[in-house]
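> Listed here are the chains, written in short residue letters.
4 protein chains.
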Amino acid sequence: MTLQARLAQNNFVVLGRAGMDLYADPPGTEIEHATHYFTSLGGSSANICVAICKQGGQSSLVTRVSDDAIGRYCLNQLDHYGVNRSHVHTQDGEFRNSLAVVETRLENCQSVIYRNGAADFQMTVEDVEAIDYSSYAALITTGTVLASEPSRKAAFRAFELAKAAGLPLIFDVDYRPYSWVSAEDAAQTYSKAAEMCDIIIGNDVEFGFMSGDYTTGFKKAHELAKTSASIVVYKKGEMGAITITPNEEIKTGIYPVTALKPTGAGDSFMGGFIASLANGFDLKESILRGSACASIVVAKVGCAPAMPTVEELETFMSSHAGVTIPE
Amino acid sequence: MTLQARLAQNNFVVLGRAGMDLYADPPGTEIEHATHYFTSLGGSSANICVAICKQGGQSSLVTRVSDDAIGRYCLNQLDHYGVNRSHVHTQDGEFRNSLAVVETRLENCQSVIYRNGAADFQMTVEDVEAIDYSSYAALITTGTVLASEPSRKAAFRAFELAKAAGLPLIFDVDYRPYSWVSAEDAAQTYSKAAEMCDIIIGNDVEFGFMSGDYTTGFKKAHELAKTSASIVVYKKGEMGAITITPNEEIKTGIYPVTALKPTGAGDSFMGGFIASLANGFDLKESILRGSACASIVVAKVGCAPAMPTVEELETFMSSHAGVTIPE
Amino acid sequence: MTLQARLAQNNFVVLGRAGMDLYADPPGTEIEHATHYFTSLGGSSANICVAICKQGGQSSLVTRVSDDAIGRYCLNQLDHYGVNRSHVHTQDGEFRNSLAVVETRLENCQSVIYRNGAADFQMTVEDVEAIDYSSYAALITTGTVLASEPSRKAAFRAFELAKAAGLPLIFDVDYRPYSWVSAEDAAQTYSKAAEMCDIIIGNDVEFGFMSGDYTTGFKKAHELAKTSASIVVYKKGEMGAITITPNEEIKTGIYPVTALKPTGAGDSFMGGFIASLANGFDLKESILRGSACASIVVAKVGCAPAMPTVEELETFMSSHAGVTIPE
Amino acid sequence: MTLQARLAQNNFVVLGRAGMDLYADPPGTEIEHATHYFTSLGGSSANICVAICKQGGQSSLVTRVSDDAIGRYCLNQLDHYGVNRSHVHTQDGEFRNSLAVVETRLENCQSVIYRNGAADFQMTVEDVEAIDYSSYAALITTGTVLASEPSRKAAFRAFELAKAAGLPLIFDVDYRPYSWVSAEDAAQTYSKAAEMCDIIIGNDVEFGFMSGDYTTGFKKAHELAKTSASIVVYKKGEMGAITITPNEEIKTGIYPVTALKPTGAGDSFMGGFIASLANGFDLKESILRGSACASIVVAKVGCAPAMPTVEELETFMSSHAGVTIPE
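Chains as they are written, first to last, in this note's numbering: chain A, -5 to 321; chain B, -5 to 321; chain C, -5 to 321; chain D, -5 to 321.
Because the hints were derived from the structure by calculation, they are not lab data. Check each hint, because a few of them may be wrong.
One copy or two, it doesn't matter: identical chains are merged, so the pair holds either way.
Below, computed lysine to any residue pairings styled on SDA-like, alpha-carbon distance capped at 25 Å [to be verified]:
| id | residue 1 | residue 2 |
| --- | --- | --- |
| 1 | K220 | D192 |
| 2 | K147 | T239 |
| 3 | K278 | T309 |
| 4 | K230 | F310 |
| 5 | K245 | N5 |
| 6 | K278 | A2 |
Isolated chain A (complex conformation) (with noise of 0.2 Å):
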């Protein structure tokens, strides 16, 4: 079967985290001055479960919540967007949930993220272990998980056990320094993680945080495409992106929009990039529609709740002024 086949079962395991997202409100308003947040479901790995089910395919979330109100909030967050949480447990003792405070904000946006004693490190091989991958069309990681220990070591079982089960694997690099003890332990195990991904996404940065060297990035990722990935998909912001195959190299820019804040465009992307590619679009229409879907969350306020619907995706793309010509 190929890959793309594969992905058109269109329902996806996903390891990663679910959290709080606080916006101070209104929009516009710094956290040290701000007086009302609103919530709503944050995380990168919910988010991308969120996008998958708007765009109308399955997702399950593989995770640790803590045992507590703000957990709980979580699990009744990802049943209103109908993500499976058959594979989220809970965590009891000191462990907290991830919370995440931040601003709608374009220029020196903030965010204040809780991560220490974070539940969702305290995921484990057992927890991995018990999921029948047999059943799902790919396994979705992003980066966060390889930060701690016992997540890290469950990421990597989860890895084995997919790919035995002859799924793709694909890895959002989603590098966040804050929660890794080195830089160097870091760059290794992404590495690791990324040899063994069949679909590969990072940006300019991550790639070259991975080589060692901001110059060599692009380098890093055409190899990764040549060794052992299908797909690797460079991003480089505001300047689009190339993805990177063993066959071809496509440049695509990006929808121009007036984004409110920089946040949830990786997952957007991210979500809608799978899901396209899943619902039997090319490879370069699923980049284009997951670029149209990082710009539809960063001109709107919140992440999850800022997911489009496949009309919501397909009425911004036809009335939009298009993509700009990439360098």
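Given the coordinates of chain A, work out where chains B, C and D should sit on it, guided by the hints.
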């Protein structure tokens, strides 16, 4: 003194209403399902005053607010933005301050405006006779003050007094059917007002309405420019604007953005356009700057708080893809 | 059938308004300085309907709401609380739904109520003639429906029809000066209505107002009980209430609490009192339960959402220090 | 100088944390279902500082806040309430500021507190050695600073330095199990701290905990008053408090109110009690005023913003039914 030399005094007396806007929160929420709101100063004339102050000019609002907590809220907000309120009177009795319950949504955006028994319609001839017009650069009026008595009579009296003091009259048609007894009355009154003014701003629907037929609106705009007005701006929404003077016709496009809501564009255009003329930009530049102000406001939440400073306006114009080509 | 046997049917048809209440948030904030609000269903008759439903009874509201998003908000909220709205009609045109901007403060608590051109005053004789009164336990009316036409005429027609169907009429005086053309008109209309009713609830000021002088209000209450009414409740705020029947006079105290706001007490008292009579409690017990409901509501935020269930009411009564001794 | 003469200097140095409290909004909402929050300054020591300032005294907080927007929020809030923050340091790295997600509910009131890797535990011996203790009336400490190093060592160093400068030590046990490695460690550390202090405030559970058994807690309180402390306040929740000195035992009741939430009572009691001693009230009066402060705070929303001024406290005490009779 030329029109622009006069405007360069950069202090404007503005007739019209101040109100309280209540935005369903978080953005995207429909009023039917909203549990929370946040507020900002509203009312087209108050918004124009704010836009001028944010661009470095001075503005003085002439209106009546209710003698209650909502009226006092408006006064507090005018102070907050630096708008002079020495000509804002409080109106007692069962009159209520204008109030708008609105949404931050692009499609099917709803707003419910409370204008029955509105305090601002109680503006009197005495109110406007107490003003020393000679100390201002120009008189700005939005059409809503003409919808009811005694406000209408007071507005026409202010026109006479301002004209006698040598002030240019600037008129924003801003037609809102709900405040008028009949469309005929509105059409006649608007035409009478427009014929007295030097700068007239309206959209295709509004000029069509004044001329009695949508198809003859552009002809009406031309006639006004030929007979009485110095500058007529005929706005066509996303298709840009045509600015008509006795000597020329300037077509301009818009700055495309991902709008969050349709509201606030007109007030922001007016404020940005007049402030730019006052700041010494030529007519075409001023129209483009007004258009940029409109785009900035529709891509943010709120109206008054979204009005740009000169610095924000210039950052937007320099970083933005640029105006569309007008048709 | 005795009055109480009739009430035991426990389904009430209630004339009067539903509105949207906007509470300055967080509690304690003054409207002048508020940046945020939260909403709940408001309007005295809607509140009484909610109180009855929360106590296990059924209620059906008879009113008109505006044909806009605020009107639809009210319909959604009535559904949320289980209030029947088959007799709630939408009113188009420039009528607006009743809306109240309020504070959660005890001292100098402000509220600004938008009732100019209110949709609920458009209730017609046809609206009330479409109701099958025989299927209800009683007709409840709050005084506000009498303030304007055609609502007043419709209310008196409903009185006739309900009486003809053998229904007891229950009347909450609830005098709000701002809605009335004159105090004389109000006094006459209230007196006329009160003379038709079986259960009349008002406070010392309201009975004084009906009798033309504060000092003769208690006499007025007595006369009503002697001539036409079965039960007259003369409320004295923190000093408790005197309930007058043809045979007896019952003095009751209040349940002292730390109030957060003065509003909602009257609607909660009415709902709790009538629901308790319907649930089989005797007259004195029902008055005390109504008083407890009033205390519960003033010590919480909001009105409709603060109305207690039977279980919450009983927890409060059993755990609370008890009523004051009436003077 | 007597203890009370010293306290009359009315400026206090307070060890402990400042945090951000997020209240699910509107009041009554559970975290699981909340969509909105509002914030106020939190952290027991910050709350005590605010209580003292509101009562007319001066307070200076000694702690560390995170070097991010949440830390800056805390600094802004301390300024807002007039709390001196010259001894508040910012802590960089991956430490996070204490943050609490809480509810305004009486039954089953939930709070989720983020204290993993908390910045305030990074308070050092250097931080406390930089303080000129001789300029203060007393040192106030809440037990939480003892839960972790280096904060614990710093606190004991502050005890030594304050004692050497002749300052009375005031200690609020305030035991929160989640921050401690083990109950044994907590019990020993609390006992060691309590033995150094002049005024000790705790509840029945906390004294029981220190003595190793709930039934011997009151004996423990007595022993402390007999051997080392001047005043020991043994709080019994709704049953009042027993205040023990070497010479007497004072039983006091509470001011019954309809509480909205259980939180904030302890901080408000401490602040009101100490401020009243400083303001010249005798011991029993000061206890009663502290109790009244506690009742005021639990009947309102928020903690820091709910702390009463002297005027509000006296209005409450004069208008309120009065304290219960202690058992």
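> Please go over all the hints and tell whether each is borne out by the structure.
Outcome of the hint check:
In this assembly of identical chains, K220 and D192 lie within 25 Å of each other by CA distance solely inside one copy; the values are 11 Å within and 69 Å between copies. In this homomeric assembly, K147 and T239 never come within 25 Å of each other (Cα to Cα): the closest approach is 29 Å inside a single copy and 58 Å across copies. Taking the closest pair of Cα atoms, K278 and T309 come within 25 Å of each other only inside a single copy of the chain (19 Å); across copies the shortest separation is 33 Å, beyond that limit. Proximity of K230 to F310 under the C-alpha cut-off of 25 Å is found in both arrangements, the shortest distances being 22 Å within a copy and 22 Å between copies.
When the C-alpha separation of K245 and N5 is checked against a cutoff of 25 Å, the pair qualifies neither within a copy, at 28 Å, nor between copies, at 52 Å. When the C-alpha separation of K278 and A2 is checked against a cutoff of 25 Å, the pair qualifies only within one copy, where the shortest distance is 17 Å, while the shortest distance between copies is 53 Å.
When the structure is compared with the earlier hints, violations turn up for hints 2 and 5 and for no others.
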